[in-house]
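Single-letter residue listing:
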Amino acid sequence: MASILFYILAFVLLAATLLCVTCRNPVHAVIYLVKGFFALALMFYLLGAPLIAAWEVIVYVGAIMVLFLFIIMVLELAPREQPQGPGWKRWVPGLMLAAAVIFCSLLIIFQDPSAASGNPAHFVGPRAFGEALFGRFGLAVEVVSFQLLFAAVGAYYLGRYQPREQDKEETS
Amino acid sequence: MLDNYLPIFTLILIAVCFAIGSTVFSGLIGQKKPSEVKLAPYECGMPLVGTARERFSVKFYIIAMLFIVFDIEVVFMYPWAVMFKRLGMFGFVEMGVFILILLVGYIYVWKKGALEWE
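Protein sequence lines correspond, in order, to chains A and B.
681 is the number of the first residue of the first sequence in this note's numbering; add one for each residue after it.
6 is the number of the first residue of the second sequence in this note's numbering; add one for each residue after it.
Excised from the complex, chain B in its bound form (with noise of 0.2 Å):
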């Protein structure tokens, strides 16, 4: 039962492998030039604006909370679609009235402009 797992672990431990190589051959390897823009922290590219240490607007708050429940809702399709066949029209129409349910929710909040970034 566990063979299922295997590819999962397979990739983790390429994943680890890649990460800790790459870091260590490109120390061992590497020329090392420092100067002050090198070590400066990376930014996406950017030079730096101001801290990290600011007060974040609490719209990343809702769009979190916001992301939690639809996470919530595509959870629960996992156990629905390993069992798809079996449950036939009425999971599919149980899962349909499920996700009409919440489309309602993502449709006020659409309409309502929490998902807008003003």
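Looking at chain A on its own, in the form it has when it is part of the complex (with noise of 0.2 Å):
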């Protein structure tokens, strides 16, 4: 049984994978890469990670997707001219991956099957997890705010407004 959902899932995650870089619209890339996020956040769940895969769902879904998003709008990659052909067919490929991804999550909602298969030794629930992340890699927890911080300030500096040379020496 688990094996069965991680056959769709690894499908669905090599398809979605493979449309999104071969997808000429850079909108439409980003839509299969959020399939293929939700299928890979169902595999962490197969292997009995729930944290990590709403983790999954949270950090790479709600907000790595919105990076890839800017990126767009900021380049102007998204294309201007109207798409041709009937418009049921660009839905066809993106519609199919979003029906596998949910009938994988309702078959694990209905029927759960890290306990069917008889392994619930690798099920790590969020209280083993904060347990041993506060516990045993506490320290490990403070590195990550430094990388965090370095990230934040890194982003500010990358970012930040300066006024080109040739600007400069016309204003002086």
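Read the hints as simulated data drawn from the structure, not as lab findings.
No false leads were mixed into what you were given.
Now the stretches of chain B that chain A is said to cover, found in silico as 3 or more residues with beta-carbon under 8 Å:
#, segment
1, 60-73
2, 90-98
Capping the alpha-carbon separation at 35 Å, the derived lysine-lysine pairs in DSBU-like fashion look like this:
#, chain 1, residue 1, chain 2, residue 2
3, B, K116, B, K64
4, B, K38, A, K769
5, B, K64, B, K43
6, A, K769, B, K43
7, A, K769, B, K37
8, B, K117, B, K64
Heads up, the beta-carbon is just placed ideally off N, CA and C, and yes, glycines get one too.
The task is to assemble the complex, starting from two chains supplied on their own in separate frames and drawing on the hints.
Rendered as structure tokens:
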């Protein structure tokens, strides 16, 4: 049961990623990327890590996806011309992948494969995760905090407003 | 164990049914008198201002990156919150240091004006 789900999700993940890198329209590519993230989240759940699955959705689907969209907006990559051909054809691959992901999550909700496979030892809930993270790996949490500090400062530094050389010469 | 997730599933089901239901019923029951104004794309109720395919300022991207940084900070609070009692004072101080370090970054970008919209 779990292995069947794994193969379905693996197929969805590979198909979504392939469509993502081959898609001409960058906005469509981001949508395929999000579908890949969802499939990956379910895979983490199958591996017995529900918290990582939730993080995958919160951080990757919720936040990283926004970065990709903003890159498209900042670089003006979205196509200007209207798409050609019948509209439903563009919907088919995306809808099929979405249907597969929803089908897999319904299966997981109604009959838990991690319980059925008799492997609850691998299942790490949020409590056990928190205990290990803040107990044994307490120092690592603080290191992550420093990393996030560097990321915040670096994001500001790279994107700060700096007048270009030629502008400086013109004003002076 | 999965009974825990049943409320989320119920909420998703209600949301999907509401979205599909309101679209279908307003299409079936509602009157259709299309005019040019009604068929125009909805943009916060304002008249359309140019095309949507313009270059945006890099400020959006900085805000998004800062959002991710603090999003990840919050994400670390979930496993801490469910173990709050068990971890006790040690966990509290640990989380305090974690937030304090990030607070330095927050104050830095705030003072530098990265959150200002000029």
